[in-house]
Amino acid sequence: MEKPKVLNIHYYAMLREKAGKREEDIESFAATPLELYKDLAGEYGFPSDSRSIRVSINEEFQSMDTALCSGDCVIFIPPVAGG
Amino acid sequence: MEKPKVLNIHYYAMLREKAGKREEDIESFAATPLELYKDLAGEYGFPSDSRSIRVSINEEFQSMDTALCSGDCVIFIPPVAGG
Amino acid sequence: MFTISDVSIDTDLLTKELINSRAGAFVCFEGRVRNHNDGEEVTSLEYEVYEELALKEALRIVEEAKEKFSVLELAGVHRQGHLVIGDIAVWIGVIAEHRGSAFDACRYMIDEIKHRLPIWKKEHYINKEPKWVQCSEHHGT
Amino acid sequence: MFTISDVSIDTDLLTKELINSRAGAFVCFEGRVRNHNDGEEVTSLEYEVYEELALKEALRIVEEAKEKFSVLELAGVHRQGHLVIGDIAVWIGVIAEHRGSAFDACRYMIDEIKHRLPIWKKEHYINKEPKWVQCSEHHGT
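Chains as they are written, first to last, in the numbering used here: chain F, 3 to 85; chain V, 3 to 85; chain A, 258 to 398; chain H, 258 to 398.
Since the hints were derived computationally from the structure, they do not count as laboratory data. This one's a predicted model, so the numbers in the text were calculated from it and none came from an experiment. Check before you lean on any hint, since a few could be wrong.
Pair by pair, the computed Cβ-Cβ distance ranges are [said to hold, decoys possible]:
id: 1; chain 1: H; residue 1: 355; chain 2: F; residue 2: 47; range: 46 to 52 Å
id: 2; chain 1: V; residue 1: 31; chain 2: A; residue 2: 273; range: 41 to 47 Å
id: 3; chain 1: V; residue 1: 63; chain 2: A; residue 2: 323; range: 19 to 25 Å
id: 4; chain 1: F; residue 1: 45; chain 2: A; residue 2: 303; range: 35 to 41 Å
id: 5; chain 1: F; residue 1: 45; chain 2: H; residue 2: 278; range: 54 to 60 Å
id: 6; chain 1: A; residue 1: 301; chain 2: F; residue 2: 44; range: 53 to 59 Å
id: 7; chain 1: V; residue 1: 44; chain 2: H; residue 2: 316; range: 49 to 55 Å
Part of the chain A face toward chain F, derived, beta carbon under 10 Å [said to hold, decoys possible]:
id: 8; residue: 309
id: 9; residue: 325
id: 10; residue: 355
id: 11; residue: 357
id: 12; residue: 374
id: 13; residue: 376
id: 14; residue: 378
For glycine and all other residues, C-beta sits at the position ideal for the given N, C-alpha and C.
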């Protein structure tokens, strides 16, 4: 049977507020950031529409369809507003 | 017989250097700044091509064909280079 | 050169560090906290930055600007933390031999920074709950 | 607001005077004396200004910029006299609610100022006689 991946997740801005934490390690069977986001959105009440959410894996922007590996640091990026 | 006009002329930049003065009052029969410029160009060795020269009369830009009046303050404006 | 700062941006120092004797043109942009946005009276702003990725992405933008435009040097700083009206949230400075490329590069930098850096902004209002604003709904400074 | 100055331009003071709490965007341009132009090594610059007309024309340009672009305020200063490498010859500052119009207005101001103000520039070189330069042959900062 497949083993869950251990993922390190950081939260920023509105996601941090909704999750009520800055960071956590979780075990997940999610194959991609998109699947992971949907799980977390269900758990924490993140925006259900993931189309405006981007993802960083190990400090690089990646596609929401990238394969997740155990040990990855995953950070979801809600719409930005610098400046 | 027509009386000459009394004109107050100021010189700037290369024209000031060629005229060797900043200002003078002259008597002139020139009807327009263009005629006046040609007279002065002959006297002081100003650039003979007047096409790039503009003129200010009484502190406003004017056409080189404006009628000159006695008492006018005339300033020829060679090509500029601010900034 | 790009940094994320927790403290007030010293534009004078940044400018002095940037200028050199080949530079004929210096263009800078400052984005400041305004007292209003989208019809609401704003009292303060909180900037939250995912710093590691923001710095990487900012340096990419600096390199892109250097490739696209003929400039001598570019620098920028973005604030994080709680800012009040009039505080400088972002500063971009560009030196070039000629002004056209300095203007173009400065504008490119700020446009890209606003859209690409993982930076979030929470607006605090006089009579309303604070809100995380987005680039698209915020019409931009 | 536009002035002609005999002394060093205090950009910090000018910026402070210009900024207000409605301003989200501040764009400024500084034209500085470069150490070279058109392949020649420049040592200093002399600016001569027909002051009365330069001020009138500058205020016209300020009004045009206010009509064309949505800005809150514009200011500028041009030096006269003898300047050395690195000195600021001209400074333009613009505040606006949004950055696009601030950039556009600043660029309009400096472009028009360079072409329309009765200001002349004599370049001094290391190994050559000084020369009055023109906008067209000087490729502009």
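Taking the hints in turn, this is what the structure says about them:
Distance hint check for residue 355/H and residue 47/F: the Cβ-Cβ separation is about 34 Å, which falls outside the suggested range of 46 to 52 Å. For the hinted restraint 41 to 47 Å between residue 31/V and residue 273/A, the CB-CB distance of approximately 58 Å leaves it violated. Our hint of 19 to 25 Å for residue 63/V and residue 323/A is violated, since their Cβ atoms are close to 41 Å apart. Taking 35 to 41 Å as the suggested C-beta distance range, the pair residue 45/F and residue 303/A does not conform, at roughly 25 Å.
A C-beta distance of roughly 42 Å is found between residue 45/F and residue 278/H, which places it outside the suggested range of 54 to 60 Å. Hint check: residue 301/A to residue 44/F, Cβ distance near 33 Å, so the stated range 53 to 59 Å is violated. Checking the proposed 49 to 55 Å range against residue 44/V and residue 316/H shows it is violated: the Cβ atoms sit about 36 Å from each other. Here the hint on residue 309/A is kept, as its CB sits about 5 Å from the closest CB of chain F, short of 10 Å.
Annotation: interface hint on residue 325/A violated; nearest CB of chain F at approximately 20 Å, more than 10 Å. This hint is violated: residue 355/A has a C-beta 26 Å from the nearest C-beta of chain F, more than the 10 Å allowed. Among the interface hints, the one on residue 357/A is violated; its C-beta lies about 23 Å from the nearest C-beta in chain F, farther than the 10 Å criterion. For the restraint placing residue 374/A at the interface with chain F, the shortest Cβ-Cβ distance is roughly 5 Å, inside the 10 Å limit, so the hint holds.
Annotation: interface hint on residue 376/A holds; nearest CB of chain F at approximately 4 Å, less than 10 Å. Restraint check, residue 378/A versus chain F: the minimum CB separation of about 4 Å is within 10 Å; hint holds.
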